[in-house]
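Chains as they are written, first to last, in our numbering: chain A, 1 to 461; chain B, 1 to 461.
The set of hints was computed from the structure by calculation and includes no laboratory data. Take these hints with a grain of salt, some might be off.
Said to hold, decoys possible - Straight-line alpha carbon distances no greater than 25 angstroms define the calculated BS3-like cross-link-like pairs of lysine-lysine that follow:
1. A/Lys454 - B/Lys246
2. B/Lys380 - A/Lys454
3. A/Lys380 - B/Lys182
4. A/Lys246 - B/Lys246
5. B/Lys454 - A/Lys380
6. A/Lys347 - A/Lys380
7. A/Lys347 - B/Lys193
8. B/Lys246 - B/Lys69
9. B/Lys347 - A/Lys182
10. A/Lys246 - A/Lys69
11. B/Lys182 - B/Lys430
12. A/Lys193 - B/Lys430
13. B/Lys182 - B/Lys193
14. B/Lys430 - B/Lys454
15. A/Lys347 - A/Lys182
16. A/Lys182 - A/Lys193
17. B/Lys380 - A/Lys430
18. B/Lys182 - A/Lys430
19. B/Lys347 - A/Lys347
20. A/Lys347 - B/Lys246
Unchecked claim - Label-pair distances were calculated between CB atoms; the ranges are:
21. B/Ala444 - A/Thr13: 18 to 28 angstroms
22. B/Ala166 - A/Asp106: 21 to 31 angstroms
23. A/Asp106 - B/Glu192: 36 to 46 angstroms
24. B/Asp65 - A/Pro195: 49 to 59 angstroms
25. B/Ala2 - A/Asn202: 29 to 39 angstroms
26. A/Ala33 - B/Thr13: 22 to 32 angstroms
27. A/Val460 - B/Ala57: 54 to 64 angstroms
Glycine included, C-beta positions come from ideal geometry on N, C-alpha and C.
Protein chains: 2
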Amino acid sequence: MAITLDVTNLVATADGRTGIPVAAVEGARARFAAAHSHLEAQHASGILGFLDLPGNAALTAQSVDFAAKATGRYRDVVVLGIGGSALGPIALRTALKPAGWNAMSDAQRAGWPRLHVLDNVDPRTIGALLASLDLAGTLFMVTSKSGGTGETMAQFLVVQDRLASAGLALRDHVVFVTDPAKGALRAIANREKIPALDVPPNVGGRFSVLSPVGLLPAALSGMDAHAIMAGAADMATRCNTDDLLKNPAGTFAVLQWLADTTQGRRIHVLMPYRDTLRDMAAWFVQLWAESLGKIQPGGASVGPTPIPALGATDQHSQVQLFMEGPQDKTVTFLTTIGHDADVTIPKAFADIEELGYLAGHSLGELLDVEQRATAGALAKRGRPSMTFTLDTVDAWHIGALFMLFGIATVYGGHLYGVNPLDQPGVELGKQYTFAKLGRAGYDAARAEFESLPKSDPRWVL
Amino acid sequence: MAITLDVTNLVATADGRTGIPVAAVEGARARFAAAHSHLEAQHASGILGFLDLPGNAALTAQSVDFAAKATGRYRDVVVLGIGGSALGPIALRTALKPAGWNAMSDAQRAGWPRLHVLDNVDPRTIGALLASLDLAGTLFMVTSKSGGTGETMAQFLVVQDRLASAGLALRDHVVFVTDPAKGALRAIANREKIPALDVPPNVGGRFSVLSPVGLLPAALSGMDAHAIMAGAADMATRCNTDDLLKNPAGTFAVLQWLADTTQGRRIHVLMPYRDTLRDMAAWFVQLWAESLGKIQPGGASVGPTPIPALGATDQHSQVQLFMEGPQDKTVTFLTTIGHDADVTIPKAFADIEELGYLAGHSLGELLDVEQRATAGALAKRGRPSMTFTLDTVDAWHIGALFMLFGIATVYGGHLYGVNPLDQPGVELGKQYTFAKLGRAGYDAARAEFESLPKSDPRWVL
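Just chain A, same shape as in the assembly (with noise of 0.2 angstroms):
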């Protein structure tokens, strides 16, 4: 079970690749040592809760035996939540489960339960879904690390109302997932008897994956959250070292970083090609752009923008731009080393020529040439990349994953000049949504908001 780095087209080694020179990785050594000096500073000064996690059995005990108690009692799991909430369960769901779960009937899912993420406060959706349910055999997953985000909070009174008006008492119906002494949920949790798994206060939402935020969704719906843990585990430990060549996530880091400030490749495309990796690269958007894209404390606006992409789709869309366009861009992709469960494609109209060539091969060796032909053209073309290969797509390779990117993102901070941990752009959109809605304290933000420059109706058509 491992996870590779191939950076071979994103270094300029002497042969005539476009990419990083050689000198100036070599060059980044120390300042990577330090990077990573600084993150092991900060776990053992408690900040980095996320790398216990895998060491933390009593809390993935949380998940797994609150899941093995709920086995049969659901045929819906809905988790309430956004962000950094919402985006694990999502990207466990599509990696681990087969596609098209949901639609799929009670025998198609052996009796495990649908799992659905309301991930907004769209009316339409929330209100199409809550009216398709049978609320009897419903859980609702309320998952808020502080316990008050507004989003959430507005969805949980809506299903409290609706479990109430159904005569369904709570406390069976409803679990939250929050910090564990402060907050609403867990005052409400506490009053009313609701049961209430931990998100420790060190670990912060994007990073809480592997907290009960991504295992007892996974648990619930029947992935394996130890092999998950074990996982992570070990990629924690692969990545404690301060050799940048030997560590992944350093070397993930520092060439992004690299990419962006000394060839203003500012642009960080992640593109699986595997459909089962598609939601990774949401997961990754969020770690990547809200821990990195930040004012440094100089005063300055740095961050890369990452995006998603998806082969071989893809390549029918944004690949035309990665291909062509401005010289500002990395392109990481993600790959396993075959498939499980591949398609031969049969042959049929022969004749053809545009169908012919493909019988006899199969659809995940088309998938898998798609790829190498991508990182060659885009070699060729002298535009980097980066790959990761996987053994396979299961619970263990998902759990190093999510740590490994996780580990990358604080040496990003650390080389970005940023904290990786907080997010002080998005208070005062938060302040004036406050503000709007009444909420008592917010009459400066209320009178800021109001003095804003209004429409103008010469530049509305």
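Since chain A is already given, all that's left is putting chain B on it; use the hints.
Structure of chain B alone, referenced to chain A:
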């Protein structure tokens, strides 16, 4: 029925807003008039077929009539297609069918079929979907403008074999959408008497959603194809002016181009604040990226990078980067006036501050306040944005939006000095793929691919 575009927050008016100087907008009027003339000339020369689709009643009738005859025959419709053949149907499904459509029961869907889109060749996805379907009640729609798209041909070969194994006649379970005269699919249709609908030769894949590419899945699943076309027709008429500030497609294109080329705002975020419009962003990404990401005749690589976002969800993901990261982005919001089916947030736990302020508001109100708060916060921090507001999300407005962005893209081609209708950058990867699969006539490509620098163990970890 209307779509308004408010660019107030994208123009630096006298009251101190950040954005494009008014003089620059005024100065671009002549340039835009030239772009519009160019569009008219291209249209007159016959190469902008998508503009003629709303007036092509016979073509629209192909989809509507086929769907009428198919009513009640199929429980599942599966689109086989990639890129422009898939993104339009996906955007339509998300916009115009209820959330979770494919997971609903037959009764909940009022007998209309489920709508699946296979937009990749991953064997896991295709295998899982085919295993879950009752083929006797399934219609496969095979979409390829050229009639020979490799991924789609591979999917089709698998499907035709499964149908044959089940003893089902191809012509009862397959419909093609392709060029009326050319290509492999047309040849097979003629030989096997498989029904085939037309994509006009002068309508490119990513501009084809208003042809049977989008209209057939729309009609098959119960959407109003005529209303889609009426909205598109209305928008085409509205954009038939070279007066910049009366033309929403022109204003959108010109301001994005000015933001990119005069202010370095090369990343164009499309951020709907409606779940229904979520996949319009993915459709737009293809259109904008593949049309404008090009090498100019003079050799310069140009083109903005579009990225998708979703409000309020991305306030907990990408918005931190948009607020504090580099000044290299514009944000375009999509929203509507109100909500068709809003949900009031019930009063409960009113003594807890994090929930108390929400009671009595509605989910829709919360979503809309968040959109205005985000736009306001961006403006306050000197980050430009603009907002499209639809009266509502329905067939008419979706048709209008497709047409608006299509026209804007043609203007964009003229402004950026590139041909928005081709995609030469993806050719090399295709050649390498054909070569590796042993297709005849690709010996030179094979030799070139094999000569590319190999993976270097020093750079693999």
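Practice problem: Please write out, lowest number first, the hints stated earlier that are contradicted by the structure. | Solution: Violated hints: 3, 4, 6, 8, 10, 12, 15, 18, 19, 20, 25, 26 and 27; rest satisfied.
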